[in-house]
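S.K.: Read off the chains here:
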Amino acid sequence: MASTARSGRLFRNLNAKIAAIPMVLTALVVFVGGTIWTVVYSFTNSKLLPRLNFVGLDQYERLWESSRWLTSIGNLVLYGVFALIFTIAIGFLLAVLMDQKIRFEDTFRTIMLYPFALSFIVTGLVWQWILNPEFGIQGIVRDLGWESFTFDPLYNPDIVMFGLLIAGLWQGTGFVMCLMLAGLRGIDEDIWKAARVDGIPTWKTYLVVIVPMMRPVFITTLVIVASGIIKLYDLVVAQTSGGPGMASQVPAMYVYDYLFTAQNLGQGLAASTMMLLSVLIVLIPWAYLEFGGKKHG
Amino acid sequence: MADVSMAAMSGPRGAKPKKALSGRNIMLYGTLIVVCLYYILPLWVMVMTSLKGMPEVRMGNIFAPPVEITFQPWVKAWSEACTGLNCDGLSRGFWNSVIITVPSVIVSIIIASVNGYALINWKFKGSDIFFTILIFGSFIPYQVMLYPIVILLRELGIYGTLWGLVMVHTIFGMPILTLLFRNYFSSIPEELFKAARVDGAGFWGIYFRIMLPMSLPIFVVAMILQVTGIWNDFLFGVVYTKPELYPMTVQLNNIVNSVQGVKEYNVNMAATMLTGLVPLIVYFVSGKLFVRGIAAGAVKG
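If you read the sequences in order, they're chains A and B. With the first letter of the first sequence counted as 1, position 198 gets the number 198 in this note's numbering; the numbers rise by one all the way through. With the first letter of the second sequence counted as 1, position 44 gets the number 44 in this note's numbering; the numbers rise by one all the way through.
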């Protein structure tokens with residue numbers, strides 16, 4: 001393009017517009033269009049193929065009567081609450097430890113963060129092996145002579161979600177630690193000096209001064225972790241395949257099965273619409289906080 | 001410590017060094033080391049199990065190093081492990097992942113970098129609105145868009161093909177990459193851009209001669225982000241490709257979680273390790289750039 005500065009806005013903007021075509025298409029066709037499509041077809045009785053045969057809220061009624069869906073939601077809430085509390089608490093504590101001007105900080109960080117580079121499939125399979133009742137932790141403790149020791153989260157429907165949680169925390173806490181550490185580093189050194197002059201003990205400074213100052217970091221982390229939890233899928237597929245029985249089913253699995261294997265599109269789309277709704281519940285309050293209510297999600 | 005006597009002057013000067021073995025330090029480093037052991041443990045178990053023969057796996061302790069080191073499980077995982085009727089090992093998944101990852105990374109980075117550049121230097125009416133939609137769109141669960149994209153790809157005639165999957169990775173990588181490039185380009189002084197404009201450079205001229213050479217670090221960060229992200233993907237691989245083109249993660253899961261046959265835990269762990277190797281190498285080689293990539297993602301989504 002040999003357009004000089006004079007040859008008009010049209011040509012310059014034309015190039016920019018051409019460059020932005022993929023973004024415009026992605027935003028409008030996939031994100032907005034795809035979402036609308038899913039919501040609209042969730043009100044139909046589509047089976048194998050999408051058909052615009054509206055049946056009102058039938059799919060949703062059936063969804064909330066399905067015991068599998070209720071289990072999935074219960075599991076996600078259980079996993080989500082514990083994962084949120086633990087990732088943020090552990091991530092923050094580790095960041096505080098790392099912020100004590102320690103030596104070998106890079107080494108420690110490298111070790112804590114490497115699980116985050118791995119696929120959930122890899123994480124799930126490793127922990128499946130470590131939690132294997134015969135050869136894993138349970139087997140070893142029993143071999144040590146404690147015959148009645150029981151730790152088989154992947155085979156016990158009551159605690160299977162905690163087996164997943166162990167793996168999920170292993171993978172995710174290092175990442176949260178890095179975010180928190182960046183937040184801690186962003187705090188003005190003078191705050192620390194002032195606290196020291198006033199004779200406030202370190203732990204109290206963290207709790208009373210630093211944590212409130214890091215509110216934006218906590219909120220951002222919360223949103224990122226929460227939207228990751230709602231998508232929870234790969235880890236469950238690899239580690240438990242949703243079992244034992246249906247004990248570790250999650251909503252994303254329900255959606256996948258109804259869309260691609262059970263050939264009951266309407267049902268799968270209704271379930272995915274519910275997932276969208278749950279993300280909006282997290283996202284909209286955050287958007288208000290972040291953008292002061294100027295924009296909405 | 002200001003009034004130092006003559007006798008002390010001959011000794012070491014400056015502030016008194018802190019004791020290395022203070023109670024605080026023992027607590028601090030002790031805790032960190034224990035925490036690190038927890039993080040290392042699975043990697044250790046994975047490697048150790050993969051180097052044992054099956055009899056030793058059954059007899060022994062998963063944490064113990066192998067008595068007799070064997071690479072047989074690695075060989076088997078790479079070239080003989082079965083998924084269904086196929087028994088050509090994980091190597092097929094590996095090469096599939098390579099031919100998926102390479103074009104996806106290239107295409108997504110080209111599109112996102114040009115896009116980020118247009119958003120900063122060549123704003124047009126509505127460009128910021130589309131960008132906002134893009135960022136908020138990245139929070140929508142993939143499950144919501146899975147099926148509409150199936151229809152889209154089918155209409156384009158690329159459902160189940162390599163290019164279909166490349167397109168999906170480009171779409172879902174776009175929010176974070178565009179954000180990354182947009183933020184980086186906004187830190188390049190505008191005077192540079194204006195000077196180039198005065199000299200008669202156009203959209204592509206400025207991009208290739210000024211923006212690109214000045215932003216190589218951010219391209220590396222984007223590559224790290226995309227290589228690990230796409231390599232680790234499972235969901236899109238399952239949904240948008242056919243079994244012949246399944247990426248490594250999908251094949252790994254099929255090998256390990258298949259019900260038939262005797263479970264060969266050592267082969268499973270070797271296969272798991274093989275799949276994790278590429279992102280691990282990228283991670284350990286890239287060091288701080290990896291942290292920069294994920295931190296950029298956290299700035300706003």
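Accuracy of the hints is not assured; some may be wrong.
Stated by the list, open to error - Lysine-lysine pairs mimicking DSBU-like chemistry, simulated, CA-CA at most 35 Å apart:
(1) Lys17/A <-> Lys76/B
(2) Lys242/B <-> Lys231/A
(3) Lys194/B <-> Lys231/A
(4) Lys123/B <-> Lys231/A
(5) Lys125/B <-> Lys231/A
(6) Lys47/A <-> Lys242/B
(7) Lys17/A <-> Lys101/A
(8) Lys288/B <-> Lys231/A
Stated by the list, open to error - Distance ranges between label pairs, derived from CB positions:
(9) Lys242/B <-> Leu28/A: 41 to 47 Å
(10) Phe71/B <-> Arg68/A: 41 to 47 Å
(11) Asn53/A <-> Phe63/B: 32 to 38 Å
Keep in mind that the hints were calculated from the coordinates and are not lab data. Every residue gets a Cβ at the ideal spot worked out from N, C-alpha and C, and that includes glycine.
S.K.: Each hint: holds or not?
M.R.: Each hint tested on the structure:
Restraint check for Lys17/A and Lys76/B: the C-alpha separation of about 52 Å exceeds 35 Å, so the hint is violated. Of the pairs offered as hints, the one joining Lys242/B and Lys231/A holds, with about 23 Å between alpha carbons and a cut-off of 35 Å not exceeded. Between the alpha carbons of Lys194/B and Lys231/A the distance comes to roughly 44 Å, so the proposed pair goes past 35 Å and is violated. Among the hinted pairs, Lys123/B with Lys231/A is consistent with the structure: their alpha-carbon atoms are about 33 Å apart, no more than 35 Å.
The hinted pair formed by Lys125/B and Lys231/A meets the criterion: a straight-line CA distance of about 34 Å does not exceed 35 Å. Note on Lys47/A and Lys242/B: the hinted pairing holds, with a Cα-Cα distance of about 22 Å set against a maximum of 35 Å. Restraint check: the Cα-Cα separation between Lys17/A and Lys101/A comes to about 49 Å, which exceeds 35 Å; the hinted pair is violated. The straight-line distance between the Cα atoms of Lys288/B and Lys231/A is roughly 27 Å, inside the 35 Å bound, and the hint therefore holds.
Checked against the hint of 41 to 47 Å, the pair Lys242/B and Leu28/A fails, with Cβ atoms roughly 29 Å apart. Phe71/B and Arg68/A have their C-beta atoms about 43 Å apart, which keeps the hinted 41 to 47 Å range intact. Taking the beta carbon of each, Asn53/A and Phe63/B are about 58 Å apart, not inside 32 to 38 Å as hinted.
Consistency with the previously given hints fails for numbers 1, 3, 7, 9, 11, ordered from lowest to highest.
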